[in-house]
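Chain order of the listed sequences is A and B.
With the working numbering applied, the first sequence has no gaps in its numbers, which climb one by one up to 571 at the end.
With the working numbering applied, the second sequence has no gaps in its numbers, which climb one by one up to 170 at the end.
One or more of the hints may lead you astray.
To be verified - Once the Cα atoms are required to be at most 25 Å apart in a straight line, the calculated DMTMM-like pairs of lysine to aspartate or glutamate come out as:
1) B:163 - A:158
2) B:87 - A:158
3) A:81 - A:420
4) A:146 - B:113
Stated by the list, open to error - Sample of chain A residues with no beta-carbon within 12 Å of chain B, all distances over it, derived:
5) 14
6) 28
7) 36
8) 62
9) 91
10) 130
11) 188
12) 211
13) 261
14) 390
15) 426
16) 453
17) 457
18) 470
It should be emphasised that the hints constitute simulated quantities derived from the structure, not laboratory data.
All C-beta atoms in this analysis are idealised placements derived from N, C-alpha and C, irrespective of residue type, glycine included.
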Amino acid sequence: MNTTALENLQAAFPDATCKVVLNSVVVEVQPENLENTLGRLKNEQDFNCGLLVDITAIDYLEYPQQQERRFHVVYTLRNWKTNLLVQVRTPVTDAEEGIPTATHLWESANWGEREVYDQYGIHFQGHPDLRRILNHWQFEGHPLRKDYPIEKGQICFDTDRMENAIRARLVKNGVDETTMKDINTEVMFLNIGPSHPATHGAIRLLVALDGETILANVNEVGYLHRGFEKTAEQRTYNQIVPLTDRLNYCSSMMNNIAYVKAVESWLGIEITERAKFMRVVLSEFYRVLDHMVCLAAALVDMGGLTNYWYLYNEKEAAYDFISRLTGARLTSSFTRVGGMYRDFYDGWQDDLEAHIRGLEKGMGDTLKLVDTNRIVHERTQGVCVISAESALSYGMTGPTLRASGVPYDLRKDAPYYNYDSFDFAVPVGSNGDIYDRFMIRFYEMFESIKIIRQALKDIPEGPINVVDSQISLPPKKQVYGNIEGLANHFKLIFEGVKVPQGEWYDSFEAANGELGFHFVSDGSGTPYKLKVRPPCFYTMGAFAKMVEGNMIADAVINLSCINIIGGELDR
Amino acid sequence: MALGLEASLGDTVITTKLNKIVNWGRQYSLWPFVYGTACCAIEFMSTAASQYDISRWGAEVVRFSPRQADLLLVCGTISYKQAPVLKRIYEQMPDPKWVVAMGACASSGGIYDNYCTVQGIDTIIPVDIYISGCPPRPEAVLDALIKIQEQIKGESILEDRHKDFKGILD
Ligand code: SF4
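So that you can see chain B by itself, here it is in the shape it has in the complex:
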């Protein structure tokens, strides 16, 4: 017995644009790779836990293998020592992929303007959404997720968004 969408559509043919249908699928099944290094990662734990429950946006399948993820969430400070690792992880993720810089540190170095801290991960990898806060509240993380979903809606599936990106490690 047919359930859900197919039940009401039956044998009908739907016409749509490829971009629309593919992006619709991508939007609601983001698999995050949580690159948690510091305090912000604790707030991500809260975002994933029961009260905020990230699964309401279809993004609860947290993967720790870059090969299985399409949303890189950088939660925490990135030091120069760590930069090559972050870049490697980003490169290992298959396209299409999106990046969220969570918190002041990932966005700009935060309160650590010094010899060991990368002043924003966008000097290493391209970033789609920045979340302010030190640390941001879980609501802000969810907001970023919604923004990414909206952004995906308007994208072209054929275009490579970051082919011209050049960071300090390139």
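Here chain A stands alone, though its shape is the one from the complex:
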């Protein structure tokens, strides 16, 4: 982050304290200035932060340095064109009373604030629908508060009927009581999920239908909320790597990489050149696999089972490579802070090349079946359209945002790991319909393969871990051979990598979009707080916007083409 951004922001907000943290500028404001600050950051030409990336809160109850206020709320904003990343922090005087909402500025604030309310119990004044989102409706208390015991489970006896929510949504969409009573337009309510083949996991859709047309839709998530963030507060930094596998489990390695990258950037370590290349090769390989599973499932929903075998069999074959490399088929846990768990095995290039060819074949065969297929075209073109502006407002990122014509890709806009030296294109759509969201994944797979081939040519030999006894484990020879090595190993395992005190946000272009991590460290080997910015959480928030006015069968294929993965959605 250059200092001009800091100067501009400080000049624009003289009352606030601004400072640079990694790639972002952090702006500290008092609650009474919050609304104004956010509004100006969004609307003023100089800043134009169209993307509200994430909202989270911090509970300083047990933080070593006493803070004046127990809770702080952080808004992470981005102007993707100028690569400006701003975090607006505000103290919360009284959690019950809360702070003003930002829902009138960005649609993504709706779900973001609901999550903060659910997890921390902070109220947002003027929020249109402040309900729990991840935890069930019978839950009492707020689990991410430091005084909530992690093991205190609460039984849920009944699912939420969501009747009020769908009725409110109907009214919002202009369908009032009189229309609903009119015998000719009687509204039918249909519940899909959370256990339904169309939901590919545990999500619940509730729609109000006129015939087959969707008048209103509300969705319930959180069925796979597994307490990632609370659990992470009890693990050392390296112990969290296996937890990240289970975020987007279709591309576990990308989560591993995104996570350690975030820790490393705060530690200020530059990983070795070989490790960088390894991470690029593996990220892109997993991007292909992730897109493949998404497309395979989407095509099944459209009735094209053959494609499923073309795509899935190649993915299955790729597991051979992955399990040879990592020892596991699905849950790779392959990165460590400061590098990688292991180097590639001998002869990996040939294996990888063979798999890539297999993947290309699967993709090619599938494309032949769908590319000029009239059924596919008619079911997808012009269906469930979302404009670029709405997509940004809802906080969509990754392929779903690019399908709406916004060429935002962190690999290009905020490059890391030498991505700027690879030759690849960022495909963008023109209509933001299902067809674009669908085809963009095909093109991205071809681009990813292009990157892998370039990286394969240039990958240097050398170490894969940084040489730093505070970060990387010592070689086994030293652990068994001398007491210093043993003590070093012991301390790193038991106490974890010590991370300096502070707060930071770092993000990565994962298969589904911007995967970010917001950390608070108290200087120990365990994060004080770790919040994941999950790309598909916000994409799901835009689901209603995409499907309303379309037909029920369209909603089903729309759900599969935005690739909602429960682990990442609900964490």
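Following the hints, complete the assembly by docking chain B with the ligand onto the known chain A.
Frame of chain A; chain B with the ligand shown alone:
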């Protein structure tokens, strides 16, 4: 023209026990309901796909309607929020029915010992077979299937196996 078994048996009468013949039929025509919630479900996809091919054990007719299924495969983490749904699905399945807990999460909560995760689905519904692993390999799923088939072989068709079960939601 008669083919297969009837061709060689002709008009012969076979005597057997009802348990034997009914269970033989049940054993090789299990219809699974895949309650897939998380990562384990991806491994179930592999089990069903060409390489492992679950149809070799006669259990490829995956149903997503509990009314048409007799084997409940719980693949993935079950949260408290999800528990009532799982119980409802189990209750909607007609008897006789069997339950497999696939993976550490379904068996015991797995790595998620926290405020939102059910510590094993056997606190909600009765379980017949547990598969260890996080996630289990497809071979392990097939192994569980074979174990269920063996278990069915020895069962009595008149007995209600779980009439005394009481879970946290009952
Ligand atoms: S057992 Fe492991 S792989 Fe299976 S659902 Fe749980 S965390 Fe995922």
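Here is how each hint holds up against the structure:
| no. | hint | in the structure |
| --- | --- | --- |
| 1 | B:163 - A:158 | 23 Å, holds |
| 2 | B:87 - A:158 | 10 Å, holds |
| 3 | A:81 - A:420 | 16 Å, holds |
| 4 | A:146 - B:113 | 17 Å, holds |
| 5 | 14 | 43 Å, holds |
| 6 | 28 | 31 Å, holds |
| 7 | 36 | 37 Å, holds |
| 8 | 62 | 17 Å, holds |
| 9 | 91 | 26 Å, holds |
| 10 | 130 | 18 Å, holds |
| 11 | 188 | 20 Å, holds |
| 12 | 211 | 24 Å, holds |
| 13 | 261 | 22 Å, holds |
| 14 | 390 | 29 Å, holds |
| 15 | 426 | 28 Å, holds |
| 16 | 453 | 26 Å, holds |
| 17 | 457 | 31 Å, holds |
| 18 | 470 | 27 Å, holds |
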